[in-house]
Amino acid sequence: DQQVKQNSPSLSVQEGRISILNCDYTNSMFDYFLWYKKYPAEGPTFLISISSIKDKNEDGRFTVFLNKSAKHLSLHIVPSQPGDSAVYFCAASAGTSYDKVIFGPGTSLSVIP
Amino acid sequence: DTAVSQTPKYLVTQMGNDKSIKCEQNLGHDTMYWYKQDSKKFLKIMFSYNNKELIINETVPNRFSPKSPDKAHLNLHINSLELGDSAVYFCASSQPLLAGDAKNIQYFGAGTRLSVL
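Protein chains in written order, with our numbering: chain A, 43 to 155; chain B, 6 to 122.
Be aware that one or more of the hints could be misleading.
Claimed, not checked - Only pairs whose alpha carbons sit at most 25 Å apart, straight line, appear in this in silico SDA-like list of lysine to any residue:
1. 45(B) - 50(A)
2. 41(B) - 120(A)
3. 76(B) - 88(A)
4. 142(A) - 92(B)
5. 110(A) - 109(B)
6. 45(B) - 84(A)
7. 142(A) - 32(B)
8. 47(A) - 65(B)
9. 14(B) - 83(A)
10. 47(A) - 91(B)
11. 14(B) - 136(A)
12. 142(A) - 63(B)
13. 46(B) - 102(A)
14. 142(A) - 19(B)
15. 41(B) - 112(A)
16. 46(B) - 49(A)
17. 49(B) - 51(A)
18. 72(B) - 84(A)
19. 142(A) - 80(B)
20. 14(B) - 46(B)
21. 47(A) - 112(A)
22. 49(B) - 136(A)
23. 14(B) - 147(A)
24. 45(B) - 68(A)
25. 46(B) - 124(A)
26. 142(A) - 51(B)
None of these hints come from the bench; they were simulated from the model. Predicted model only: the values in this text are computed from it and were never measured.
Construct the entire structure; sequences and hints are all you get.
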C-alpha cells in the first residue's frame, strides 16, 4: 500500500537545465509534504517542505509545487548542478500524527556536466 | 561533530543471531525514530520514541525491540535474525517547534547496512 509514489526511479538532466521530480500521494489526510535528498552512504537530509495551505514554496534553486486536487507535488531544481546528483525522497505527513512521515521510494537524479 | 550517529555502519551476521544497533543524537531533540530501507528502497518507519516513551510502533515483528535509556539514545535490538531482515536501518531525530507542529524535520544518521547470511 504505497501512499506516496515516485513513479520515476531515475532521471538524467544536463547541467544548467531544469530538473523536475514528481510525487503522487493517495491519502487525502496528508497536509504537509517534504523533500529529502540522499547521497550514497549517507542518511537523507531535509531539502524543502510545503504545507497544504500553499501551492508553492521556493528556496533558492529549489521550488516545490503542490496540486491538492490532483494529489501531486513536484520539485523543480533550476539550474541543475552536478552536486545535485542524489536520490530524492518525497515524504508526507498528516495533521493527526506529524511524527509519522511516509516516504516514497525515491528518484535517483543524475546531473550530467 | 555528527548530529545523529549510529553504530555499526556495517553488520554481517548469521541467521538466528541476536544483534544490536546503537543510535545517539546530540541535537537535544525529544523524538527519535528507527526506519528500515528495504530492497525496494522504501524508507519505512518502525518505531518512534518521544522523551523515552514509545509513541509509534508500526507492524514490526516482536523480534525487534527498541530501547531508549535516555532521550539522546535509541538502540535497536534484533533477536533471531532472519534473511528478510537484511536492509539498511536508519536512525533519525526531530524536534517540532511546537506540539503538533507540522515542521517535523527529521535528521538522519548515515545508516547501518545489515546483511543476514
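Okay, the hints, checked on the actual structure:
no.: 1; hint: 45(B) - 50(A); verdict: 13 Å, holds
no.: 2; hint: 41(B) - 120(A); verdict: 32 Å, violated
no.: 3; hint: 76(B) - 88(A); verdict: 22 Å, holds
no.: 4; hint: 142(A) - 92(B); verdict: 20 Å, holds
no.: 5; hint: 110(A) - 109(B); verdict: 20 Å, holds
no.: 6; hint: 45(B) - 84(A); verdict: 17 Å, holds
no.: 7; hint: 142(A) - 32(B); verdict: 20 Å, holds
no.: 8; hint: 47(A) - 65(B); verdict: 22 Å, holds
no.: 9; hint: 14(B) - 83(A); verdict: 9 Å, holds
no.: 10; hint: 47(A) - 91(B); verdict: 23 Å, holds
no.: 11; hint: 14(B) - 136(A); verdict: 32 Å, violated
no.: 12; hint: 142(A) - 63(B); verdict: 10 Å, holds
no.: 13; hint: 46(B) - 102(A); verdict: 28 Å, violated
no.: 14; hint: 142(A) - 19(B); verdict: 32 Å, violated
no.: 15; hint: 41(B) - 112(A); verdict: 29 Å, violated
no.: 16; hint: 46(B) - 49(A); verdict: 13 Å, holds
no.: 17; hint: 49(B) - 51(A); verdict: 17 Å, holds
no.: 18; hint: 72(B) - 84(A); verdict: 24 Å, holds
no.: 19; hint: 142(A) - 80(B); verdict: 19 Å, holds
no.: 20; hint: 14(B) - 46(B); verdict: 18 Å, holds
no.: 21; hint: 47(A) - 112(A); verdict: 13 Å, holds
no.: 22; hint: 49(B) - 136(A); verdict: 16 Å, holds
no.: 23; hint: 14(B) - 147(A); verdict: 22 Å, holds
no.: 24; hint: 45(B) - 68(A); verdict: 19 Å, holds
no.: 25; hint: 46(B) - 124(A); verdict: 23 Å, holds
no.: 26; hint: 142(A) - 51(B); verdict: 10 Å, holds
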